Amino acid sequence: MRVFYLLKQGLLVLLVFSALMVKAQTGSVSGKVLDETGLPLPGASVVVKGTTRSTSTDADGNYKLAGLSNGSITLSVSFIGYQTLDKAVSISANATVNFQLVPDAQKLNEVVVIGYGTAEKKNLTGSITTVGAKDFQKGTITTPEQLIQGKVAGVNIISSSGQPGVGSQIRIRGGASLNASNDPLIVIDGVPFSGKSIDNAPSPLSLINPNDIENFTVLKDANATAIYGSRASNGVILITTKKGGTGAPVINFSTNNSVATIAKKVDVLSADQIRTFVNANPTATYAEGKTFVSLLGKANTDWQDEIFQNAFASDNNLSIAGKFHGVPYRVSAGYLDQQGLLITDKFNRATGAITISPRLFTDHLKIDLSLKGTLTESHFANDNNNAIANAIQFDPTQSVTANNQFGNYFEWLRADGTLNPNAPRNPVAQIMLRDNNGNAARSFGNVRFDYSFHFLPELHANLNLGYDVSKGAGRIFVPAFAATSFSTNGSATQSLNTSNNKVSEFYLNYAKDVTSIRSRFDVTAGYGYYDNAKTNYSFNEYSATGVLRTTPKFPFSVDRNKLLSYYGRLVYTLADKYILSGTMRADASSRFAAENRWGYFPSVGFTWRIVGENFLKESKAVSDLKLRLSYGETGNKDGDTIGDYSYLAKYYSNSNTGQYQIGDTFYDYYAPSAYDPDLKWETTTTYNAGLDYGFFKGRIYGALDVYYKKTKDLLSTVNIPVGTNFNNLLTTNVGNMDVRGAEFSLNFAAIKTENISWDFGFNAAYNKRKVTNLTLNPDPGSKQGAGDISGGTGITIKYNAVNQLPGAFFVYKQVYNSAGKPLEGVYEDLNGDGVVNSSDQYFYKSPDPKITLGFNTAFSYKKWTISTVLRANLGNYVYDNVSSNFGIRNNILSAAGLINNAGVDFLNTNFTTSQYLSDYYVKNASFLKMDNLGLAYDAGKLFKNSNTNLRITANCQNVFVISKYKGVDPELTDGIDFKLYPRPRTYTLGLNVGF
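Residues in the sequence shown are numbered consecutively from 7, following this note's numbering.
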């Protein structure tokens, strides 16, 4: 905790010091830079023409130039994609000048970040979307990907749960794999970001401060991503962080304070309903004729209320950006203190970042140094959310506490006073009697050198040296009297892992306009080396009383892989209308044998800027019209399925409980594992056609894309003949999958006046995946398990199967009575053979949404702005495992000698026994969500002669959900609803001060 105390003190000192710096400057001009809709433009450049004095606007569009001599000057304000605006200003003491910029030909000259370079938006041949700070989601944002949720067509971001700091499932165009990773490659300021889990951190992305991010660039098709080769089959997200200013120090302090509440609980039977049901079955008995009526308690306990709480959070950030002796710099620090909805859940994060960007040799050498560090402390309320499952199931007629030896928490006991081993444990006790604390640290950064040769300024040499290191450590203690570990006298365990990733990249870029032939050539060729290592440490495990239980065989293990790459790109532009691009990347990965180590990933793209043709040049209606066509191949080498040494013969040591005894000595033994020496890349081929459009000087603009992806050599675990390997199952390259889809985006500035602006944004995406092969030899009926459910033993509900959507539900077709009630155990004989058995199961629906939609709008009147973001999924289905597991008579009146609770769906089915494979439990989970509703007030200057500006914001997140699905949340990462940590409804009040 001392680290967090020191950080708070440091923030205070930094703020005071910076204020004194600014106060020392006199004779200034300040103001605000707005876009055409009246919203602030962060990062706009403000320059005193004819001098070297300049600065940039902060997150709220505020700028300040101090130390100016009295008299007349001209200020020039520019921002990428907007027309530059000049204003004459008379300096006398403190002047105020505001700017409102208008779009420049619908942002056609906007420079966007692409792989290993930049390009003007008008010349792009790939499918690329950029989201800047102005369009980010607002409110309590703890991980970066939440900033663009619902903002990009074809990008589906689902928060894994409501746990503080938890990450999200990110899918670009649905993903391209079945068993390998479907996560996109994330590159932060040129450093590939490791998405591997870090022990004792809620998620890898929780160690990045969203407040440090300037913009996102999403690369979706192969022409845009193939330059990243074997890591790009699932798309690429380029994150650019905030950089230094260009003038006097600009200080920004923001604080967001919030309270999170339960948006919805699982709808279960009340204590009185349980009593009514039990009393209605007075003859129901368990062991030796005992009645369940005798087990009823006298309490009225809502177990979900007992384990959930209102959660408070405070997120504070301070940054200073400016120019010191000609060197742009930015220094920032942040501190997040966030409670979770589960009692005792907590996440603290301290972050720091520094960037400096010196320019040497008359700007021929540009250096960008970026360093970021994070420390987190977490208390995890419960392991694997078991307390949530038990809160749903636990008898509401029982009290939370009781006078017993189990910490005085009520537990179900057998007649002899011992714990009932078949009963759920008290959920409050599970949380309160488990002390799970974790600490994590992460640092990543890089230094980039870009040298423009003096004798040939069109030729640039770029060197990028980066790192990403992390450490996660934790301890878990469960006391000996805790019911969860009573038989083993509790437990005391610890964990530790470290990662060390290094990147070295060098490339040459030559860009030349040849006006004599109306052509431009842009050529890039480079080399990359990537070294990734993760060390997992092993420790003794003890009981809570200090008795040694297990000793690890090895003190640590190291997983390491390397990647060697060569890449190149050529972009040829003719007459500023016809653009042809081609890329090639060759990757060699240590994860594959020498004969399969190299993979080659080409792409080609063509763009026709129709708006540049004579018949549209003078059009007042059409401001942009561009056709894009592309083809490319990308690879996939990541994910748990592809281990670092999967192609090698390996032997694993046995555990301590599996030794051979010879005489009085116990010997370890080693067992071989199945392996495939011919393991190789998954490869995805993508075809894309797109149309970018803009009308009425950019007031309406957007894009339409259609695509087809085919993945071959999918990694899949298949049955193999006995004796051909060391197991009857082998992970190898056997599968194929097709993906078809379309995307559409529309942005519309409906109103633009001096005092009023109203903007709309809409995006839609259609995506359909289909498995086309899963076996070494063609087998149309083959299928492989893709998701098990809770309750039964080894019951698989989701399968990957040929000619089906991945993860489709495999169920029986339920039969209903005349009143629409499901008949227990009665299913349709689909094959008509007179017998209902497994041959009558069929594939029914999938968790994949057919269509995803996003909508955002912002309405501004003078200093007030109201905004909202909505999302919708259509055609996605969920398996209701809560009802199928708990909603039966035999669960409420358990033969194990206890009473359980059930979801209210039991009142509809009245099932006695479990019907896990009924399609009754596959529910339509299409939904419409309002993610964010915000109100902002730009107070401007706090005092008449002050340069301190204030902006006040109020936000509500997870405002409402409209869905036919009656569970807690229709949006799930795996399509199976069971013990979900609910996503909260969060109310946030924010203040942003700039000076």
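Hints are computed from structural coordinates only; laboratory data are not their basis.
Model, not experiment: these values are computed from the prediction.
C-beta: ideal position from N, C-alpha, C; glycine also.
Incorrect hints may appear among the rest.
DSS-like mimics (lysine-lysine), calculated; alpha carbons at most 30 Å apart, straight line [said to hold, decoys possible]:
(1) LYS819 / LYS869
(2) LYS144 / LYS819
(3) LYS623 / LYS127
For each label pair, taking beta carbons as the anchor points, the in silico distance ranges come out as [stated by the list, open to error]:
(4) GLY798 / GLY881: 19 to 29 Å
(5) ASN761 / LYS93: 38 to 48 Å
(6) GLU760 / SER276: 50 to 60 Å
(7) PHE318 / ARG365: 53 to 63 Å
For this session: For the pair we were handed, LYS144 and LYS819, check the Cα-Cα distance against 30 Å.
Result: Cα-Cα ~44 Å, so violated.
Exercise. Range hint 53 to 63 Å: satisfied by the CB atoms of PHE318 and ARG365?
Worked result: Violated - the Cβ-Cβ distance for PHE318 and ARG365, about 45 Å, lies outside 53 to 63 Å.
For this session: Given the range 38 to 48 Å, decide if the beta-carbon distance of ASN761 to LYS93 lies inside it.
Result: 20 Å, violated
Exercise. Does the alpha-carbon distance linking LYS819 and LYS869 stay inside the 30 Å limit?
Worked result: 58 Å, violated
Exercise. Under the criterion that the straight-line Cα-Cα distance not exceed 30 Å, is the pair LYS623, LYS127 satisfied?
Worked result: 18 Å, holds
Problem set entry | Whether the CB-CB distance between GLU760 and SER276 falls inside 50 to 60 Å | The hint (50 to 60 Å, Cβ to Cβ) holds, given that GLU760 and SER276 are roughly 58 Å apart.
Exercise. Could one say that the CB atoms of GLY798 and GLY881 fall in the range 19 to 29 Å?
Worked result: Check passed, 28 Å falls within 19 to 29 Å.
Checked against the numbered hints above, the structure breaks hints 1, 2, 5 and 7 and satisfies the rest.
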